[in-house]
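Protein chains in written order, with this note's numbering: chain A, 1 to 323; chain B, 1 to 264.
Hints listed in this document are in silico derivations from the structure and should not be mistaken for laboratory results. A quick note: this is a predicted structure, and the numbers were derived from the prediction, not measured. Watch out, some of these pointers could steer you wrong.
Computed footprint of chain B on chain A, listed as stretches where at least three residues anywhere in the stretch have a Cβ under 8 Å from a Cβ of chain B [said to hold, decoys possible]:
| hint | region |
| --- | --- |
| 1 | 8-20 |
| 2 | 23-33 |
| 3 | 51-65 |
| 4 | 93-101 |
| 5 | 123-134 |
| 6 | 156-169 |
| 7 | 213-225 |
To spell it out: a stretch of chain A is covered by chain B in this simulated footprint if at least three of its residues, at any positions, have a beta carbon under 8 Å from a beta carbon of chain B; those stretches are [stated by the list, open to error]:
| hint | region |
| --- | --- |
| 8 | 111-119 |
| 9 | 172-186 |
| 10 | 233-243 |
Every residue, glycine too, gets a C-beta built ideally from N, C-alpha and C.
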Amino acid sequence: MSILVYALHYQGEFNRNSLGAVSEGARLAGELGGEAAAAVVGGDDLTDDLCASLGRYGASKVYRARAPEGLAQPVVDVMAKVIADDGFEYALFGGGLLGFEVGAGLTARLDVGVTMEVTAVRAQDGRLVAERPILQDSAIVDVGYVGEPGIVIGRLNAFDARDGGDGAAEVVDVEVELERHSTRATMVKRGEQRGADVNIEDAGVLVAGGRGLGNAEGFELCESLADALGGAVAATRAVVDAGWYPYAAQIGQTGKTVAPKLYLAAGISGAIQHKVGMQSSEHILAINKDPNAPIFEFSDLGVVGDLNKILPKLTDAVKAKKG
Amino acid sequence: MKICVLVKEVPDAAVEKRMDPASKRLDRSGEKNLNPFDTHAIEAAMQIREGGAVEVDEIVAVTMGPESAFRALHKAVSLGADRSVHLTDAALAGSDVCATGYALARVLEAESPDLVLLGQQSDDGECYTIGAVVADHLRMPSLTQVIRIDVRDGKLRCERQAEYGYDTVDVELPAVISVGDAINEPRYPSLKAIMGAKKKQLDTRSAADVGIEAARIGAEGSRTEVLAVNPPAQKQAGEIIEDEDTNETVERIVAWLEERKLLA
Numbered sequence: 001m002s003i004l005v006y007a008l009h010y011q012g013e014f015n016r017n018s019l020g021a022v023s024e025g026a027r028l029a030g031e032l033g034g035e036a037a038a039a040v041v042g043g044d045d046l047t048d049d050l051c052a053s054l055g056r057y058g059a060s061k062v063y064r065a066r067a068p069e070g071l072a073q074p075v076v077d078v079m080a081k082v083i084a085d086d087g088f089e090y091a092l093f094g095g096g097l098l099g100f101e102v103g104a105g106l107t108a109r110l111d112v113g114v115t116m117e118v119t120a121v122r123a124q125d126g127r128l129v130a131e132r133p134i135l136q137d138s139a140i141v142d143v144g145y146v147g148e149p150g151i152v153i154g155r156l157n158a159f160d161a162r163d164g165g166d167g168a169a170e171v172v173d174v175e176v177e178l179e180r181h182s183t184r185a186t187m188v189k190r191g192e193q194r195g196a197d198v199n200i201e202d203a204g205v206l207v208a209g210g211r212g213l214g215n216a217e218g219f220e221l222c223e224s225l226a227d228a229l230g231g232a233v234a235a236t237r238a239v240v241d242a243g244w245y246p247y248a249a250q251i252g253q254t255g256k257t258v259a260p261k262l263y264l265a266a267g268i269s270g271a272i273q274h275k276v277g278m279q280s281s282e283h284i285l286a287i288n289k290d291p292n293a294p295i296f297e298f299s300d301l302g303v304v305g306d307l308n309k310i311l312p313k314l315t316d317a318v319k320a321k322k323g
Numbered sequence: 001m002k003i004c005v006l007v008k009e010v011p012d013a014a015v016e017k018r019m020d021p022a023s024k025r026l027d028r029s030g031e032k033n034l035n036p037f038d039t040h041a042i043e044a045a046m047q048i049r050e051g052g053a054v055e056v057d058e059i060v061a062v063t064m065g066p067e068s069a070f071r072a073l074h075k076a077v078s079l080g081a082d083r084s085v086h087l088t089d090a091a092l093a094g095s096d097v098c099a100t101g102y103a104l105a106r107v108l109e110a111e112s113p114d115l116v117l118l119g120q121q122s123d124d125g126e127c128y129t130i131g132a133v134v135a136d137h138l139r140m141p142s143l144t145q146v147i148r149i150d151v152r153d154g155k156l157r158c159e160r161q162a163e164y165g166y167d168t169v170d171v172e173l174p175a176v177i178s179v180g181d182a183i184n185e186p187r188y189p190s191l192k193a194i195m196g197a198k199k200k201q202l203d204t205r206s207a208a209d210v211g212i213e214a215a216r217i218g219a220e221g222s223r224t225e226v227l228a229v230n231p232p233a234q235k236q237a238g239e240i241i242e243d244e245d246t247n248e249t250v251e252r253i254v255a256w257l258e259e260r261k262l263l264a
């Protein structure tokens, strides 16, 4: 039983969630008595050394294809060919946008089963069972696969990257003729950073703002409080997409993953895509006017109330305490 | 240009959702509504039509679902679709992502659209994947979670946020695009549009009508099976303060922070 893992890279470095998926693939393949291989797709920065380094995370072999980067459909073509040629029982993806798209495309191409947002995978009777939280994480379903290969798409940060320190994977070049539809999307600009470059990953305290702040000016309340607490300001995807705050401060699925000592969520509803980026924070304090906001399900202290009333007074009180 | 918008009827946000322990499927009884993400897809279609960069001949709302799902189509039409198509068949019940994507692709194929739009996720399934599944069946280029679409030179210039920042991608037509909720602010339907929606053409199709192979749909045709439904590991519920007297609320927050040595 062998597992093919997609490894996303950008500018000569593998994505942390992809490395996690490689480690998890190697662990599961070991339990099934097989091996894990990785598929990588891109340009010249995919050097022999970079590809072979996936061996440190447990990949025995790396399939490398030269094709456009940052788009899912060329990767579907590559993985479909590798699976057809060499036979894999499972395909595994770490959390992130491209993994979802590639896994979904592969589902259609191969007419096979897919489970997404998977938080854990286990080997059971020689098969994989994927655990997937549903309905705002109020239940977890165990999903099994009928037929092969089964496609497993992880949730962000579900799988830990385990660097074994040594080991080099065998690197194999694959030639793939792309499907016509896979060549009909073209990357014009990739990885554009919008807004100021801010560092939130090293902060011990984060005051994060969401749509509940009402407008861009609402972030001034967060900034004052963050100053008082000696922390930094973070944001949700919704407000970053709306242009209220810089992308570099974004938490969640397509942003940063953080685990500060204190995470203060101001006007954040707590969607799963946000939760996955901050749930490891030591202490979570949420302020929201909606008592039914999902964030209260996973906060340590929840305050139901008006941010405009609470934040300025809280800022003053913190300043007074800290002298 | 002909635009098809995929829509879905989902349990209303206010309904407590649960799994039916016997069938291991979502209990879909109770109040239902049009999936909120789909209203952004319809609005995106309307803005392409109104933008004038391309002539939009028709906007067709398409759904797959039980008989009751026609209400989601009425809502979609009230928001701007010209007519709608309802794929409904008892044989489709219990379809997984693979089977659902296949069935939707068949019904779309019969419409041969130049553009398929959909919301990036459904409120109930939270799958994010249907767009990419449908696109591969239709052999069309595809992009998900798009937050801006401009029609230029007969192509779509799309923007979205991906792993490393914002990406700008040109997509040739025909294409399948799923949109995020940041793409627009959906309009409210007028009373006239709501009243008129019931009179617009609504075609009901069975699986056989659009050439769907029976072996590939429903629980039997699905490639995944739900083995068990379990409760999540219990996290101790946090303390909740209802803000009535803000001075007192702030005092309690500060005490909580101090206890945890977060004001040191």
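Of all the hints given earlier, name the ones this structure violates by number, lowest first.
2, 3, 6 and 7
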